[in-house]
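S.K.: The chain contents come next:
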Amino acid sequence: MARLILDGVEKSFHGAPVVKGLNLTIEPGEFVALLGPSGCGKSTILRMLAGFEKVSGGQIIHGDDCLSSSTRHVPTEERNFGMVFQSYALWPHMTVKENVGYPLKVQKTPVAERNKRIKDALEIVQLEEYADRLPAQLSGGQRQRVALARSLVTEPDVVLFDEPLANLDRHLRATMEETFRAFHKRTGATMVYVTHDQSEAMSLADKIAVLNKGQLVQWGTPQELYARPRNTWLANFIGRGSVLSVAVVAPSQYVSGTNLHELIRQHSSDKASSSVLVRPQDIHFVSADDSALAVSVHSCIFRGERYDIELTLKDGQRLLAYSDVPMTLESQHQVRLGQAWSLESES
Amino acid sequence: MDSQLRWLSIGLFLLIAALSVLPSLRLLVEALSHTTFSTSSPMAEVLKSERTWTALRNSFYTSGLGTLIAVILGCGFGFVVTLTNIRGRAIWVFCFMLPMMIPPQVTALSWLQLFGPASPILNTLGFAPALGSPQPMYSAEGIALLLGIQSAPLVFLALRTQLISLPQDLLEAAQLSRASQFRIWVDIILPLCRSAIIAGAALAFVSSLGNFGIPAMLGIPAGYIVLPTLIYQQMAGFGNDMLSQVAGLSMIIALLVLAGMLLQQWLQQRSCYSLLGHTAQSLSFRLKQWRLPLEILLALVLCFILVAPLFALIVSSLVPALGMPLNADTITFTAFYEMIGRQGVTSRAFENSAFLAFFSALVLMLLSLPLGYLLMRLPMRTRAVIASLIEVPYAIPGIVLAIAFILLFAKPLPFIEVSLYGTLGIIFLAYLSCFLSVCLKPVLSAMSQLDPALEEAAQLAGARPIQRLIDIILPLTAPAFFAGGLLVFLISINELTVSALLWSAGNETLGVLIFNLDESGDSVLASAIAVLVVFLVAGLMSLLSLFTPRLPKGVIPWHG
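Going down the list, the protein sequences come from chains F and X.
For the first sequence, my numbering begins at 286 and goes up steadily by one.
For the second sequence, my numbering begins at 75 and goes up steadily by one.
Here chain F stands alone, though its shape is the one from the complex:
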């Protein structure tokens, strides 16, 4: 078990930068998610970790070894990494058992031990009785579990996941997330998980690196990202809520109660402004009150456990709130905002 460090990692294809100066320190046994919209460079980072791509600059260090730098490249075969692919990448001509056992066969593990470890790995993913099937005879979820078993059979230091749930339906995803969580707990391996789905990242990872256009936007626990996003882009990307333009305020602080209402009232479009993030659960409907904000209902959508209410402020800005009861369109109300988080402007 060793720490995995990305130190100023750069990658460009034909001169076009894809990953720019990335610094991350991943502690042993951590479950890390790389989250971002498609094209943000997260898969490229994973492929550099796996050794499929060389780095254009910076270095990747694992424990005391430098895996990749501009002068050095340890080939994939010599990194003890496991990986679960989006397409599963199961070899169609091998049975489940042969697929899982292939890494051991390559390492020339004795047959008795090989069989025992295949059995153990299949037991973790609960596929013991499928050992002699071919991949074509399995369902999507079962294939993904075989891929998982194959990635852990050599007890790798790091397991990489490349959007492993993207091809599964919603119901299966929940089950597979549970499998991944149990797998992480049991093996204690360092895991790097690439996804564009924020809820997947939030529910699985210990820490999340959010990427946009090849750059790290923020690196922190899911709770930190949700409560204290750094800039407006991230605030819009993670969780639900409204980003409001308000009068100038220092970034990265909570603004609450009357201060917040003042900031909103003082804002006008021709003056310099800042942005704050308001989460819907912080908006409370109140009876008429001097300090409250006047709003009108713009839309009301039934979501099952509650209603999503979109409100319009006096200056025309929109605000998302929750309500237990439906509200009439265009009706006038008063709200009080509990707190808001002030943001850096984007880039």
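For the record, the hints were derived by calculation from the structure and aren't laboratory data.
Treat the hints with care, as some may be off.
Claimed, not checked - Reference excerpt, derived from the structure (chain F facing chain X, CB under 10 Å, subset only): (1) 309; (2) 364; (3) 371; (4) 447; (5) 456.
Unchecked claim - Some chain F residues well away from chain X (every beta-carbon gap over 10 Å; in silico): (6) 349; (7) 409; (8) 435; (9) 609; (10) 612.
Because the structure is a prediction, the values reported are computed rather than measured.
All residues carry an ideal CB built from backbone N, CA and C; glycine is no exception.
Fit chain X to the given chain F structure using the hints.
M.R.: Same frame as chain F, now just chain X:
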């Protein structure tokens, strides 16, 4: 790069250089080496000679007329078989593709048996022309007709591939605009297929230009000489500058053919529409009451171009001597007995051809695994350049390649002082050079369809390149390898053009044997061998068809 990969790359690079680049280079050097501006240089002799220009004119006439016939036949069959609800589509395609796979000397022989005063069929039916009247096939038009039939499948294939990719939506959109079937055909389908037809025609012209078997069997007896047969005849006469002159002639054909290929590629790229829409269902017209008449017409055409000549061939192999009718009294299997039992040269030719074909197929299969693997790892542009280098020996006419190999191996090999000239070895090497691209194509197309993650997963498992190749890539692309190998076997067992110049006593091939037997007047025995060859071809084609479900689309030509 991994050290295993580096050694593999260097080895294969040398191999491509030796097989693909060296022959063409040697030819170029020979043709240009004696070029001076004096009027007595070999190249000038070639250009001054009246025979060169006559042969060139004849080549253009036969190939041009042949291309016209090929376009008419190929388009007719292509449109009817692909666009309509005709019955038994697979059988039509198979039968129409057969002439391409039957070796040209066999095609020529079978047509010779069909017509003429000695035709066993006409004699059997009782209306053979009087003895001494001319054989109609010994003429420019006869050559053109057979060239057309032989290359019609090329036009057919190009058109069919394009038609299959036309989406049904285009037709439906036109129908919603209230266009009649005829208007749809003229306004939508024809413009979209024009480039495919032109490309097919260019290919047919180029392949006719390089064809040796047909003008050799039909033209030489009539004294009608085209470029490939001119080279063949010049090789027989010995002179001071004979090799240089022949090299000069070869360069002329090679340049014509390469220019034709480039023209075809350019035309195809220029008028290529990108087709949007669903291709799940391809176009189809309902024929209604016209279906049966059209099927009968197709059957008649096929009878004329395929069944009748082959039937004539079979009849010829069963009569005691040419000119006799076939009936219960005259039928005899002597030719077959003689072929198998007595004639030493026949069994030797069978052995030689089988040996050459088997080992060419085997070696090329073994080569195309690592070669295809390395090519897939190269950047797109480099890959395209190397792929076209490999294509060159297959694209230039066999007669030109043979000359190149003679030039390369006329002297004993340096250092080891072994001469390959006059052995099977030189034919073998020429086959490797010629058919590498035939074997490589299906392999490359199978590899490009493979999910790269499958190999990456093996890489993560710790497998080195050679182990990945054997454990993962080979099993997954195996059907394509066998298809490539079988195609090479099928083409090389019947090959005539290359071996016509490279054979020597004791090293005859099947193609040379049929050619020589016919030249010396032993058409009955030649027919018997040709009959076996046709059955062999049809058998191998059917065997390949069995692989089709497991192969990438387009690997087997007759499944288009």
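S.K.: All hints, please: hold or fail.
M.R.: Evaluated hints:
Restraint check, residue 309(F) versus chain X: the minimum CB separation of about 21 Å is more than 10 Å; hint violated. For residue 364(F), the suggested interface contact is upheld, since its CB lies about 8 Å from the closest CB of chain X, less than 10 Å. The interface hint given for residue 371(F) is met, as the beta carbon of that residue sits about 8 Å from the closest beta carbon of chain X, less than 10 Å. Taking 10 Å as the C-beta contact cut-off toward chain X, the hint placing residue 447(F) at the interface holds, the least distance being around 8 Å.
With a least beta-carbon distance of about 25 Å to chain X, the hint placing residue 456(F) at the interface is violated under the 10 Å criterion. Its beta-carbon lying about 21 Å from the closest one in chain X, residue 349(F) satisfies the requirement of being farther than 10 Å from that chain. Every Cβ of chain X is farther than 10 Å from the Cβ of residue 409(F); the closest lies at roughly 18 Å, confirming the non-interface assignment. Look at residue 435(F): its CB is around 7 Å from the nearest CB on chain X, not clear of 10 Å, so calling it non-interface is violated.
With a cut of 10 Å on Cβ distances, residue 609(F) stays outside the contact zone with chain X, its closest approach being about 47 Å. Every CB of chain X lies more than 10 Å from the CB of residue 612(F), the least distance being 45 Å, so the non-interface label holds.
When the structure is compared with the earlier hints, violations turn up for hints 1, 5 and 8 and for no others.
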